[in-house]
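Student: Each chain, written out:
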Amino acid sequence: MNNLWFALEGAWHVLLAGLVLGAGLPAVFSLGIRALSYGAHQNVDDHTPHPFAKVVAAFAFGLVILAIALGIGVIVSNGMGYRLSFESIYPAFVPK
Amino acid sequence: MSPELIVLALVVVTALAFDFTNGFHDTGNAMATSIATNALKPKTAVTLSAVLNLIGAFLSVEVALTVTNAVVNIQDASGAPRPELIGDGGMSLLMIILSGLVGAIVWNLLTWLLGLPSSSSHALFGGLIGATMAGLGVNGVKWVGDGTKLDGVLGKVVLPGLMSPVIAVVVATVGTWLVFRITKGVAEKYRESGFRWGQIGSASLVSLAHGTNDAQKTMGVITLALIATGIHTDLEAVPFWVKLACAFFIALGTYLGGWRIIRTLGKGLVEISSPQGMAAESSSAAVILASSHLGFALSTTHVATGSILGSGVGKRGAKVNWSIAARMLMAWAITLPSAAIVGAVVWFIGNGLGGLFGAIVVFIILVAASGWMFLRSQRNKVDHRNVNDDWVEDVTQRQLPEEPIVKPRRRVRSKA
Chain A
5 MNNLWFALEG AWHVLLAGLV LGAGLPAVFS LGIRALSYGA HQNVDDHTPH
55 PFAKVVAAFA FGLVILAIAL GIGVIVSNGM GYRLSFESIY PAFVPK
Chain B
32 MSPELIVLAL VVVTALAFDF TNGFHDTGNA MATSIATNAL KPKTAVTLSA
82 VLNLIGAFLS VEVALTVTNA VVNIQDASGA PRPELIGDGG MSLLMIILSG
132 LVGAIVWNLL TWLLGLPSSS SHALFGGLIG ATMAGLGVNG VKWVGDGTKL
182 DGVLGKVVLP GLMSPVIAVV VATVGTWLVF RITKGVAEKY RESGFRWGQI
232 GSASLVSLAH GTNDAQKTMG VITLALIATG IHTDLEAVPF WVKLACAFFI
282 ALGTYLGGWR IIRTLGKGLV EISSPQGMAA ESSSAAVILA SSHLGFALST
332 THVATGSILG SGVGKRGAKV NWSIAARMLM AWAITLPSAA IVGAVVWFIG
382 NGLGGLFGAI VVFIILVAAS GWMFLRSQRN KVDHRNVNDD WVEDVTQRQL
432 PEEPIVKPRR RVRSKA
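If you read the sequences in order, they're chains A and B.
According to the numbering used here, the residues represented by the first sequence are 5 to 100, in order.
According to the numbering used here, the residues represented by the second sequence are 32 to 447, in order.
Hint data in this document are derived by calculation from the structure and do not stem from the laboratory.
If you only want the chain B side, here are some residues facing chain A, beta carbon under 8 Å, derived:
#1 181
#2 205
#3 214
#4 218
#5 232
#6 239
#7 309
#8 320
For glycine and all other residues, C-beta sits at the position ideal for the given N, C-alpha and C.
All chains should be modelled from the sequences, with the hints used to inform the complete structure.
Tutor: Here you go:
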């Protein structure tokens, strides 16, 4: 029975992280795209994004890129015997 | 050359062959959506995925020696093989490993022939479990672990196997729903190109993660065989040539691409668009990375398939081909037992004939089975030319003409 409990606990954590990163980040990315197209109709070709919208979009895309960098950080650090720790809020690499 | 060394060579070749099937079986997990939406040309997609798998395999320097410990008792906790198995120069252990690998490869090739994505790790574990049960009896298999952590066949394979697709479906469904909700009415110009980039980025992450996770398993198996014969004695490290060979073969397999499986995932399951593709791959990447970070062993295949399914569920009006999904579920359920049966049967044959001769016969069985399945696959070829054709009833009913009927489509790019 222990196994079932451990598995449910693990699955729950993975689901939470998955929802925040796997569903949240595409949503942020979509916000960026939405911002870029601010004021454009669905089928326009000659639309330039609003300057403020560009800032919003850049922020959204930047956030996504940062998260991807962290994702690569997790892969690399796992391989090198380190783990990514968020204990001090900002990410840091600590030996396993 | 002593017989043990020849058997060892057979084991190494077979392990690399498994690594190769592992690569091409799983290309679709990362790249099927990008190929289906034309975000990347088929050849470009598999090349990118192969390169990232190669890099990923080198990133995993962590000791992968105890990989078999999750499911069978042929090594102790430090990674050393159990002494009673190497008393005869390692022959008993080599025979178990060889049979297990044969079981895994045969199952991987059969599911590929049928165009079904199935877990390569389940196949590997299944083959090893079958061969171990045949060789050491039921007690040779670690069914539930000792209760202090998630372990054994139940904890490392069965439970995560049941839960991971559900997690992926939920995450991808929510992601897809959000993406479509947020970008409703957004100009096509931004939507198509934007999500293509997002899709390529997230798919790349999946490829990289795959290389780090999966190549490691073969490295562990080969190193175990080397230790069993006394050629390698360091329990802390994998020899460099093993790492190099495993990285190379998983990348080669990925590059050749399991087009049948890519087709099923990209065209068969859900008619997929760029925003869905991005949501699906982001979900896969997040779930795979989170689980490897938290030490919850998941199968990349289950996660990727679940995510693609979820991207169909989350988009209003999207059609999900549930009969294909059901076939996949069935394939997943029987992967472990089927590979186990093949592994066990092969072990009985090999062990019955005994020694070097037995191992050679087992190897010939593998070559014959693989050759037959390859020839069978040529009857209705699927490759980069027809991978994106419209889905008709069953992938195995399609005929590929000599000349491509559909030239690889160029990316339709809106004037920017």
